[in-house]
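Let the sequences and hints guide you as you build the complete structure.
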Amino acid sequence: MKTSVTSAIHIDRSPEEIMAVILDPEQAVHWTSGLERFGVVSGKPGDVGSTARLHYREGGRAYVMHDTLLEVDPLRRYVSQVSGEALSARVETSLAREQGGGTRVAVRWTGEGKPFFLRLLLPLMRRSIARQAQADLAKLKQVVETGGQTGPHPSASTT
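With our numbering applied, the sequence shown covers 285 to 443.
These are computed hints drawn from the structure, not numbers from a lab.
Backbone N, C-alpha and C fix where the C-beta goes; we use that ideal spot for every residue, glycine too.
Just so you know, not all the hints are guaranteed correct.
Claimed, not checked - Here are the simulated EDC-like pairs of lysine to aspartate or glutamate, each with C-alpha atoms no more than 20 Å apart in a straight line:
| no. | residue 1 | residue 2 |
| --- | --- | --- |
| 1 | 423 | 308 |
| 2 | 328 | 357 |
| 3 | 425 | 301 |
| 4 | 423 | 376 |
| 5 | 425 | 376 |
| 6 | 286 | 396 |
| 7 | 328 | 300 |
| 8 | 423 | 296 |
| 9 | 328 | 376 |
| 10 | 423 | 310 |
| 11 | 328 | 310 |
| 12 | 425 | 308 |
| 13 | 286 | 376 |
| 14 | 423 | 320 |
| 15 | 286 | 369 |
| 16 | 398 | 369 |
| 17 | 425 | 355 |
| 18 | 423 | 301 |
Said to hold, decoys possible - With beta-carbon atoms standing in for the labels, derived distance ranges:
| no. | residue 1 | residue 2 | range |
| --- | --- | --- | --- |
| 19 | 332 | 390 | 14 to 24 Å |
| 20 | 345 | 407 | 14 to 24 Å |
| 21 | 422 | 344 | 22 to 32 Å |
| 22 | 345 | 309 | 18 to 28 Å |
| 23 | 372 | 317 | 13 to 23 Å |
| 24 | 401 | 430 | 32 to 42 Å |
| 25 | 404 | 358 | 31 to 41 Å |
| 26 | 411 | 328 | 31 to 41 Å |
| 27 | 404 | 430 | 33 to 43 Å |
| 28 | 337 | 385 | 28 to 38 Å |
Written as structure tokens, this is what we have:
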């Protein structure tokens, strides 16, 4: 049984600025939970067919996921297949310019566990996955809106 989660956020920047961060392997660690390294294996990030190894650490456990970019509608829609030892997921990222300015970024994650126990457990983890996805989008927003910084914007008041 597949589990799906959709999260969205408004970012006060253009799709071009947002995708510059999303497609930058060095920036990925700043906004993706548990990601320690994003290693490009083949192709150029953003090109259909490009592949990467995503090195994660969660709960003290290291693991690697393989990411293949399947579909691209530049600055509008990107679809990847991410798989590892325990699960496989299709990740669709959509961007839409908003009339008042900025961009709505939505991510739809649809995945399933590979081991039997995870196939049963994953649907029960849906809320946790949704919270993590929303937190990652909030971090993405911060990175994009602060020009790649993960802390407070330099002009922000600290008092």
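Hints versus structure:
At most 20 Å may separate the alpha-carbon atoms for a hinted pair to count; residue 423 and residue 308 meet this at roughly 15 Å. A hinted pair counts as satisfied when its Cα atoms are at most 20 Å apart, and residue 328 with residue 357 qualifies at roughly 15 Å. Between residue 425 and residue 301, the direct Cα distance comes to roughly 11 Å. Compliance with the 20 Å bound is thereby established for this hinted pair. Simply put, residue 423 and residue 376 have alpha-carbon atoms about 18 Å apart, close enough for the 20 Å limit, and the pair holds.
This hinted pair checks out: residue 425 and residue 376 have alpha carbons roughly 17 Å apart, not beyond 20 Å. Taking the CA atoms of residue 286 and residue 396, the gap is near 5 Å; set against the 20 Å cutoff, the hint holds. Of the pairs offered as hints, the one joining residue 328 and residue 300 holds, with about 16 Å between alpha carbons and a cut-off of 20 Å not exceeded. Proximity of residue 423 to residue 296 is assessed by CA-CA distance (about 13 Å); at most 20 Å being required, the pair is judged to hold.
As the CA atoms of residue 328 and residue 376 are separated by approximately 18 Å, the hinted pair is consistent with the 20 Å bound. With a C-alpha separation of about 14 Å, the suggested pairing of residue 423 with residue 310 holds against the 20 Å cut-off. A threshold of 20 Å between alpha carbons decides the hint, and for residue 328 with residue 310 the separation of about 14 Å falls inside it, so the pair holds. The hinted pair formed by residue 425 and residue 308 meets the criterion: a straight-line CA distance of about 15 Å does not exceed 20 Å.
As the CA atoms of residue 286 and residue 376 are separated by approximately 15 Å, the hinted pair is consistent with the 20 Å bound. A distance of roughly 15 Å separates the Cα atoms of residue 423 and residue 320; the hinted pair therefore holds under the 20 Å criterion. For a cut-off of 20 Å, the pair hint linking residue 286 to residue 369 stands: about 16 Å separates their Cα positions. Proximity of residue 398 to residue 369 is assessed by CA-CA distance (about 7 Å); at most 20 Å being required, the pair is judged to hold.
Restraint check: the Cα-Cα separation between residue 425 and residue 355 comes to about 23 Å, which exceeds 20 Å; the hinted pair is violated. Between the alpha carbons of residue 423 and residue 301 the distance comes to roughly 15 Å, so the proposed pair stays at or under 20 Å and holds. For the hinted restraint 14 to 24 Å between residue 332 and residue 390, the CB-CB distance of approximately 20 Å keeps it satisfied. Our hint of 14 to 24 Å for residue 345 and residue 407 holds, since their Cβ atoms are close to 22 Å apart.
Between residue 422 and residue 344 the C-beta distance comes to about 24 Å, which sits within the given range of 22 to 32 Å. Between residue 345 and residue 309 the C-beta distance comes to about 22 Å, which sits within the given range of 18 to 28 Å. Hint check: residue 372 to residue 317, Cβ distance near 19 Å, so the stated range 13 to 23 Å holds. At about 41 Å, the CB distance of residue 401 to residue 430 agrees with the hint of 32 to 42 Å.
Against the hinted window of 31 to 41 Å, the Cβ-Cβ separation of residue 404 and residue 358 comes to about 39 Å, which satisfies the hint. With their beta carbons about 36 Å apart, residue 411 and residue 328 fall inside the hinted range of 31 to 41 Å. Checked against the hint of 33 to 43 Å, the C-beta distance between residue 404 and residue 430 comes to roughly 41 Å, which is consistent with it. Separated by about 36 Å at the C-beta atoms, residue 337 and residue 385 satisfy the suggested range of 28 to 38 Å.
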